[in-house]
Amino acid sequence: MELSSEDKKIEEDALAFARANKKAIAEKLTDTSRFIPEDEPVSVFMAGSPGAGKTEASIELLARVEEEGVEILRIDPDDLRQEFPGYLGGNSWLFQNGVSVLVEKIHDLALKKNQSFLLDGTLSHYEKAKQNISRSLKKGRVVQILYVYQEPKLAWEFVTSREIVEGRRIRPEHFIEQYFAARNVVNLLKVEFGSKLKVDLLMKNTDNSHKFYKAGVDKIDNHIPEKYTPADLELMLGLN
Numbered sequence: 001m002e003l004s005s006e007d008k009k010i011e012e013d014a015l016a017f018a019r020a021n022k023k024a025i026a027e028k029l030t031d032t033s034r035f036i037p038e039d040e041p042v043s044v045f046m047a048g049s050p051g052a053g054k055t056e057a058s059i060e061l062l063a064r065v066e067e068e069g070v071e072i073l074r075i076d077p078d079d080l081r082q083e084f085p086g087y088l089g090g091n092s093w094l095f096q097n098g099v100s101v102l103v104e105k106i107h108d109l110a111l112k113k114n115q116s117f118l119l120d121g122t123l124s125h126y127e128k129a130k131q132n133i134s135r136s137l138k139k140g141r142v143v144q145i146l147y148v149y150q151e152p153k154l155a156w157e158f159v160t161s162r163e164i165v166e167g168r169r170i171r172p173e174h175f176i177e178q179y180f181a182a183r184n185v186v187n188l189l190k191v192e193f194g195s196k197l198k199v200d201l202l203m204k205n206t207d208n209s210h211k212f213y214k215a216g217v218d219k220i221d222n223h224i225p226e227k228y229t230p231a232d233l234e235l236m237l238g239l240n
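Sequential numbering of the sequence shown, starting at 1, is according to this note's numbering.
It should be emphasised that the hints constitute simulated quantities derived from the structure, not laboratory data. The structure displayed is predicted, hence computed values, not measured ones. Keep in mind that the hints are not guaranteed to be accurate.
DEER-style ranges, computed between Cβ atoms [claimed, not checked]:
id, residue 1, residue 2, range
1, S195, E2, 43 to 53 Å
2, S4, G216, 44 to 54 Å
3, Q82, T229, 28 to 38 Å
4, K112, P225, 16 to 26 Å
All residues carry an ideal CB built from backbone N, CA and C; glycine is no exception.
I would like the entire structure built from these sequences, with the hints used as guidance.
What follows is the structure in structure tokens.
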């Protein structure tokens with residue numbers, strides 16, 4: 001979809017802001033007095049469609065770790081949008097490029113400072129995901145993906161209800177694209193990295209509680225076969 005001149009200006013300003021402020025923001029968010037450098041840091045990457053419950057699962061996972069007195073850096077692109085002037089929630093996609101600049105800088109510093117981190121997101125872009133995982137592996141880190149699955153109808157309902165509360169909007173065509181891409185990317189990454197990469201799977205119930213957790217999977221489809229096509233989801237989401 002062609003952006004209006006006003007939207008283009010917002011997008012360009014966000015990118016310029018991110019480039020000008022990335023170092024200061026990243027230094028603030030990777031404070032070593034809070035997130036202690038480790039001898040054997042861990043890199044965790046979330047994966048799954050929007051609305052699958054990744055954020056909730058990641059917060060719960062880190063809360064269990066923090067019970068042992070260790071605070072882990074959680075990098076959440078959605079939270080980073082709050083750093084930008086002009087962010088209103090409903091125009092969230094205009095800040096994607098700017099957010100990516102901040103995420104990359106925070107990730108750089110977390111690796112440099114030997115901090116364990118969890119990167120929240122869909123993991124739906126293969127080349128970027130491959131690059132990020134390679135960087136962690138080259139530094140001798142333990143690397144894990146946690147793929148969270150929720151039925152797409154329920155995930156979309158969560159996305160739309162969240163938009164009402166938070167104003168954060170995801171377009172239906174982007175939801176569909178990321179729903180399929182996240183699974184494919186995780187499967188490809190496991191083939192690429194083999195035993196060096198651990199993939200765990202969390203399937204959610206209809207009430208967003210845990211249905212089952214499977215550690216050390218080789219392929220998502222072996223445990224959750226894909227039941228839908230893009231055309232099915234277009235119909236489900238009212239695009240057809």
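For each hint, the structure was consulted:
Look at S195 against E2: about 46 Å separates their beta carbons, and that is inside 43 to 53 Å. Separated by about 48 Å at the C-beta atoms, S4 and G216 satisfy the suggested range of 44 to 54 Å. Taking the beta carbon of each, Q82 and T229 are about 36 Å apart, inside 28 to 38 Å as hinted. Taking the beta carbon of each, K112 and P225 are about 41 Å apart, not inside 16 to 26 Å as hinted.
When the structure is compared with the earlier hints, a violation turns up for hint 4 alone.
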